[in-house]
Every structure is written in C-alpha cells, then in structure tokens.
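Fit chains B and C to the known structure of chain A by using the hints.
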Amino acid sequence: MSKKGAGNFFEDFRLGQVIKHATPRTITIGDVALYAALFGSRFVVQSSDMFAEKIGYPRSPIDDLLVFHIVFGKTVPDISSNAIANLGYASCRFLAAVFPGDTLNATSEVIGLRENSNKQSGVVYVRSKGFNQKGKPVLDFVRWVMVRKRDEAASVSETKVPKLPAQVEPKELGKAMPRLKLKGYDNTLAGSARRFADYKVGEKIDHLDGMTVEEAEHQIATRLYQNTARVHFNQFTEGKGRFGRRLIYGGHVISLARALSFNGLANAVHVAAINGGRHVAPLFAGLTVFAWSEVLDCREIPKRKDVGALRLRTIATKDRPCNDFPFKQGEEYDSAVILDLDYWALIPR
Amino acid sequence: MSKKGAGNFFEDFRLGQVIKHATPRTITIGDVALYAALFGSRFVVQSSDMFAEKIGYPRSPIDDLLVFHIVFGKTVPDISSNAIANLGYASCRFLAAVFPGDTLNATSEVIGLRENSNKQSGVVYVRSKGFNQKGKPVLDFVRWVMVRKRDEAASVSETKVPKLPAQVEPKELGKAMPRLKLKGYDNTLAGSARRFADYKVGEKIDHLDGMTVEEAEHQIATRLYQNTARVHFNQFTEGKGRFGRRLIYGGHVISLARALSFNGLANAVHVAAINGGRHVAPLFAGLTVFAWSEVLDCREIPKRKDVGALRLRTIATKDRPCNDFPFKQGEEYDSAVILDLDYWALIPR
Amino acid sequence: MSKKGAGNFFEDFRLGQVIKHATPRTITIGDVALYAALFGSRFVVQSSDMFAEKIGYPRSPIDDLLVFHIVFGKTVPDISSNAIANLGYASCRFLAAVFPGDTLNATSEVIGLRENSNKQSGVVYVRSKGFNQKGKPVLDFVRWVMVRKRDEAASVSETKVPKLPAQVEPKELGKAMPRLKLKGYDNTLAGSARRFADYKVGEKIDHLDGMTVEEAEHQIATRLYQNTARVHFNQFTEGKGRFGRRLIYGGHVISLARALSFNGLANAVHVAAINGGRHVAPLFAGLTVFAWSEVLDCREIPKRKDVGALRLRTIATKDRPCNDFPFKQGEEYDSAVILDLDYWALIPR
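Chains as they are written, first to last, in our numbering: chain A, 209 to 557; chain B, 209 to 557; chain C, 209 to 557.
It should be emphasised that the hints constitute simulated quantities derived from the structure, not laboratory data.
Hints should not be assumed to be uniformly reliable.
You can't tell identical chains apart in this list, so a pair holds if it fits in one copy or across any two.
Below, in silico cross-link-like pairs of lysine to aspartate or glutamate (DMTMM-like), each with a Cα-Cα straight-line distance of 25 Å or less [what the hints assert, rightly or not]: (1) 342 to 261; (2) 342 to 446; (3) 448 to 366; (4) 513 to 542; (5) 228 to 394; (6) 327 to 359; (7) 389 to 317; (8) 344 to 394; (9) 383 to 366; (10) 513 to 317; (11) 448 to 532; (12) 342 to 394; (13) 412 to 502; (14) 448 to 422; (15) 344 to 261; (16) 511 to 220; (17) 357 to 414; (18) 371 to 539; (19) 389 to 542; (20) 536 to 348; (21) 448 to 377; (22) 536 to 422; (23) 371 to 220; (24) 379 to 446; (25) 228 to 406; (26) 448 to 542; (27) 228 to 377; (28) 228 to 540.
For reference, chain A alone in the conformation it holds in the complex:
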C-alpha cells in the first residue's frame, strides 16, 4: 500500500510484484439502486429478482460492470494515482456471479514494465483480480497505464512487455452465469424476442438514445466505486490542467454505452468478458453520449446449450448520433468517437 495516498510512481513497481489493495467493500442493494439510477440500465436479469429466480439465479446478480468498476477502483490508489493515461484493458473475464452482501477485495500483479524514452514515465502492465469474501475469484483483467516517474534519474526494473491475447476464448466464457432454465425466460418481460440465432456477424445496431452526463453524476458514480483518481473530482487543479475541466472516468462511458445498448441487445444480459477497450478521447460533463454496436462474432460455448456468445464492438460517441455508425476514417477514429470496446455478451439461445 502507498503511504499517505501519494501512490506509486513508475520506479516503485517491480516485475512480479503482487499488491494487495486496500478497502474491501461490501456491495449491497443500495449500490444496485444507485447504479441503476446513474445509468438507467434495463437488462432484466439485473433488474428483477423474480425474473432472475425463474431462470436459475438465486436472485438478481450485481451488474457485471459495477463489479468491474469496484474492483478497478480498489486498484487505483496503488496502480494509477500517478497515471498520465489509462492505455488499455485486455483479457477481462467475469469468473463468478456477485450478489448483494458479497464483499469484494482485489490484488494486482505487475506483469510488464517499459520505461518511456524520455525517462519521465513508463508503462505498467498489471493483472488485477477481484475476490469475494470466500476468496473466490470473481473477475480477472489486465490493464496498462502510463505512470509518471517521481525522479527522472531513478533506475527502473527490467523491461518486459507481456503478450496479451486478442480475445478471451469462448470456452472461458460463462463461469459467472448459471445454466439458465430457458422455460422461465419471458421475451416480453426481457424486452426483446431476439435471441442468439437472430444475430449475424457484421450486423450493426444503432442504440438510438443519447444520454447527457452531468458533473454530479460522474462524481457520484466514481466515488461509489471508491475510485480516487484525482482528475475526476478536482476542478481547482484540473481547471489549470490540459483540458481545463474534470475528466470523466472512462468506465462511466462503458456503463453508459452498455445501458444504451439495451435498444437492440436487450437479451444480451451478461457481459462475460472484455477482450479489449480503448478510451479514444476524453468525455466531459455537458456532452451527450450515443452508442452503436457491431456483431463481430457469434459463438457457441462448449457444453452449454442455454446461451451463446456475441462478440460485440461497441462504439460510443459524444454529441454525435450513431444512426450512420461513425467509426474510423482511414486509420483515424471519427473525431466524435470516445470509446472502442470489444467484449463478449451472453444471450439465451
């Protein structure tokens, strides 16, 4: 743990180092209500205990992304307090369903380090894991972050850039979702008749709605996760910084895009894995987030007849409707794009 909250600098990290993060957190139905109110998600399994029970859950599970944000938040004081930028995620797998009352804690292992040529900073790769109160892993992901050095002259650990898989394999999916009793799955209550077989590779879906973000909203959300990254909360300092404004936590955009994706993906009730994600541009309060998705792959999961997996690219934009699916122009992203997320969602067959 870092002293007095100043956090670690690039030269403080060592390859193979395992960091146990502070502040285990009990997730409750209070958190669930707040998350619902911040994003307006309508996926039925997370919304209705009754529905969840009918298809084989003991009750509604915690939204996958809320689990992600809370585990991620735990890692911030140690890993990214002195980050210049969050560069990416990979190989994020949801390993067990989390329920209200569970207590989550987290660890991170340093799996890669590469100093930048300017000697002022470097890239830290960590594999972070979230566990419930029984010590069972619930989440596992890699992220890499550019972190400042405290002292340019400081010697640093050996360089290692880990090889990361382009995607989580279908056989690894579904550990956080019980085998569903599909007889209990009511399409009308779920909001859509489209099941696994109704999606085709290459299909593009406009999620239609837009959601404007207010400062109070992203601050409340990010504090809910106990994420302490300063850039989200401190207008006094950020007002003097490169954007002149507080930066919205990238995970806020992911949650908004996921909530909007109900329009077109209502039955894709579980985020099973995130293959990769890129925060292409920052989001600021007052802007309106839109999103669209492309079906990149449709895969069966070995030994499961209840659900299939859709690999989705979800693109979020700011102040730009997505009816014409803005993405890239040549190598460059459309200037409105703020998120390029590649993930697996499970959907009943």
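Just chains B and C now, with coordinates in the frame of chain A:
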C-alpha cells in the same frame, strides 16, 4: 414490445390492445434511500419502520409516488416513446401497499384513440396496471398522450374517446393502507397534531418551502424509474428543440410538490388516488418549485373509522412563492403554475 | 413541534424546554450506499462487513457522521428553521454504534438563551440527543444557533449561557466502538500501517486530494438527512440574498474533510467525539474542498488496550491545497479556511 426501442407510433395502436411491458423491477431499500434523497420527503410512515409497525404496517411501505413512477416508467417505451405531450391522468388508484423486495411489472390496455385533424398525430388513451410478484394489482390508472404518426398516410383505428370519472369515489379508497392502530400513532413524531377533523373544505395551505431542481437530480430520479423518455436526458437533441433544454419529467414535479406538502399536511401519509393531473407548463433545471394545496373535499371512507380522505388540489409553481395561492386568472393559469393535481390523501381520524 | 413548518423564533424558546422532534428515520444500506457515493469515504470498518466482523462488530456500522447528520437534521425544523447562523458545536459524543435497520429519533433541550442587544435575534443553546428504536442514546451534542425573533417587541426568557467543556474527556470515549479483536485487523486491507503509537502531538498531515462540490450533490446529501434548512435548497430566495447562492450545509464540509482524511489517517476508523467545530466561512457549489489535520493530543482510553484516541484539528479550505497547512494569520483565519474542527478519533493500538 417495440422493436429496438423505437417505440410505437399512433397508427400502431389498436382499441382493446393489451400490451405487457418489459423489465419487471424489484424495488428495494436502495430505491427508498435514493427517493428520499432526491425529494426530502418526511412523511413518517414511509420514513420509519418503527412507526409503521406501531400503527399496523408490517414495515414502512414504498412511497406511493415511487410506485407510480416505476409503473409509469415501464409503460413509456411502448406508449409514449413518440409522444409529443402527456395530456393527462385520471382514475389513478393505489390498490395494495408495496414493500421493499417486491417486484413490479405492468400492462396497458388501449381504451381510446382519436386521430388529430392534421393527420400527423393522435391521442392514445391507455389504462395501465401495475402488479406485484404475486400478480396482485398495486396500481391502476388512465393516461392520455399525444403520439406522433410514423406516416401521415397510415390508416388508423376507429375513434373512441373514453368517458373518465371526474374523481375516484371514497368507497374505492384505502385498499393500499391497512386498518391503522391509532393508539400507536404519535402526532409529535409524525410532525403535526392536525388530523382529519381539523381540515375544512376550502382551506388553502401554503407549503412554504421552495426546492431548486438540478439536471443531475431529475436525470437520476427518472432513470431510477427506468423511464426512457428521450426529452429528459438528451441535451444534444433537446438543445436543438423547441425549448433548447431538457424537459423535466412531470412526475418529478408531483413528487416535489408532495414532499413540500409535508408543511401543512404532515399526517396525510398516504396518497390513495389521483383524480386527475395536468402539467400546465414545463419545468427546467435551475428553477425553484413551490406548492400550495386547497382542500376540495373531506370524506369518510365507508366501513373505516381509522382514517378519512382529503381531496386536495395541489398547485406547483416555478420561481414563485405560494403565500398568495397563485392559480388561475380567468380561464388561464397564472404563468408560474406548472402543475394542477387533484388527489385523495388518507389521514388519521 | 412547529406549526406548518414555519419553525420556532427566538421568543418561542424557554429554558429547560424539551422538544421531541418529528420523523423518526430508519437508516438502511441504501443510505450507506448513497453516503459512500457522495463522499467517497474509504475507512474500512464502514466499507466492509467482512472486515468489521473480523474485528468484533456484528457488521459494518453506519458512518458516525451520517448518524450525526440524521440526528442533526431532525432538530432543524424546530431549532434552526429561522436561524441566521449556526454558531458552534460542543461536547458531541457518539454513545452507541448504529447499524442498518436501526430507527433514529431525536430530542433537544434548551440549555441556554441570550437575546442580542439589537432585540432582533438571540442565541439558542440546545443539547440534542439521538436515540435508536430501543430508546438507547446513540449521540449527544450541544449546538448554538442565532435565531431571528418574530417580533422585536416580544418578551424573552431569562438569559443563561451554559458552560461548555473545551473537550470530551478520554474516559468518555469509545462507547460506540466494541472492544476490537486486533488479530483480525489487517493493515493492508485498512490502507495503512500507521497505528496509535505512530502519531505524535504536533504532527501535521496534508490530506492531499481535493473534491469539488456540485449543487446536486449537497442537495441530495442534505435531503438524505431530511434537513430542511431553506438556505441549502432554494435558489429563488437565496439568489436575492446575501450571497446570491445556495449555502452548502456545514456538515457537508465535515463529511468531505473526514473522507479526504483517509490519506494519512486510514486507521482512525471511528469518530468518537467532536470537541468543537466552527464553520469559518461558507462553501458554495463549484468550489473545491481540501483538508489537513494536526494531531493535538494522543491519549489512552481508561481500561482499553485495543484502541487509543487521537485528538485532531481538521482544517478544510476552499480552492486552496493544504500542503503548507493554512490556518490563521494572527487572530484571523486564512481567507481560504472554511472549517476548523476539533475531534477525537479512535485508532487501533
């Protein structure tokens, strides 16, 4: 259910059609906390389990208006996604108390249709019902909405304008309130010594306080209800629209006015029915809501000695204190009036 | 109780008068989630049921300051509806841990009165007490408030200014904290290795981070406590007033400073008493709060080997980092200081 969230247009509705709405929702003490924090309501029965138990409830019930907003929210994607305006409510009855842990779902029956002469839109009348997880009705109300046509040339269903009662009859009131044990009812804890007999027809009550609404607040509230009406959330689109701003959900004003009405109506702890309501003018963030009420009627409820019913007109205004009871000038509402609500509240005798 | 919410004026108070406040309130995990999201506190005992159980609590207790705010809120309609200013607190003691599901109510006794020489107002001293549903005291504090007179000519009660202790004595501390099983106390999970013995009188600690406050945030928080003080919510009226803006509830600053103090005081998990507090200057939305603390005293608690007490002065500032510990220049506070709080925190030995 509508496809991809685009919602129904006027020509999609048929007389007698019954629509089962998506996304059953479990209401929890998390929702209760958030609702309390958004409106600051102080009615004792909804605030204190201890008090509620002493007078005959199993515990604090969910605030009546929170039940209303959640059931209403379920109907929005199917009924009013393409609405130009919510024109009115009538005959809204609370039929069973709702408690934390209950799961609500909703249906609507189309009971009236009338195309407008310009052929661009029409008025849809629906009777919507909310049910708990046991299938028991908890709420029943009629609303009518002006809905756009997708295609001016589309043929429409026959015209029918339903007859709606001017008020819910006293004998229909009280189903959502157990017979109270008045010995356990402590006026001091409830905040007022005024009971049923202390109100007179014609009495006007200034609710004194004003509450300024922020964008984050109404967005958080409206998402809590999973109400997806676009005008509340999307500044990008609304900024180009007729007001240049996001419109605040009319139900937000009702909840504010009800919370403010504690000053003067502290013992009117249960909203039993809404006879009618009119959103006279829109509310926008940054404005301050005030309210006053007039006692329209004081009625006993057949076979109940524990509580009586006050029929109340509650007027809410924007940026206008209510010490002189602003209402109408001739036929026209005072320009500050935003809500004219006619409802029955139950109050101990 | 006051009529119609107009509240008491100075001449309405009598020495020795005991006021039983309205609206008992059940505190839930919904409130806990919202409080967490509003302040981002990371103290482990309040964050993790698992951790709390390991050290001897039945589960995570409610944050001490949330208990304070709720009890304080109950007193507002009767005591400070017509306040010109909250002048101070003293002798605030936390007497029993509060847990989710507990219902709190409050009483106040008028222990001092002093009319101002201008006859327009006077200072009211009250001892307020909070009780749980079993009638057990959970909190006890004195505050004094300058309250308007309704009528300058009104005769008033005899003058009495109570003697207040400069501090709560160490032997009085700890009633709200069970005897801790320190074997279960994991420094890493708590976020710091610094225990009681590691702090020295005179040490100054910069809490590093800053937190910008939005209107929606302080309004949501203050309504959560059912605090009805008009100055926090009504821009229409405040816009015409002395600051032109809504005033943020002073307790909001206390909670922010406490949450920020995790950086440097992570193991000081319980606020046991508040010796005194002064809101030196008002806070408004859009400003950023920073904080620092000085260790005023380190005291053992009679008969307890598990924890010790740190007497802390916590200073909060607006738009002013605290790396150089801004406090007073001569007799005058630095112009950035908004809070000067003197309290006892308990910390494992």
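task = Report the numbers of all earlier hints that the structure fails to satisfy, in ascending order.
result = 2, 3, 4, 7, 9, 10, 16, 19, 20, 21, 22, 24, 27, 28
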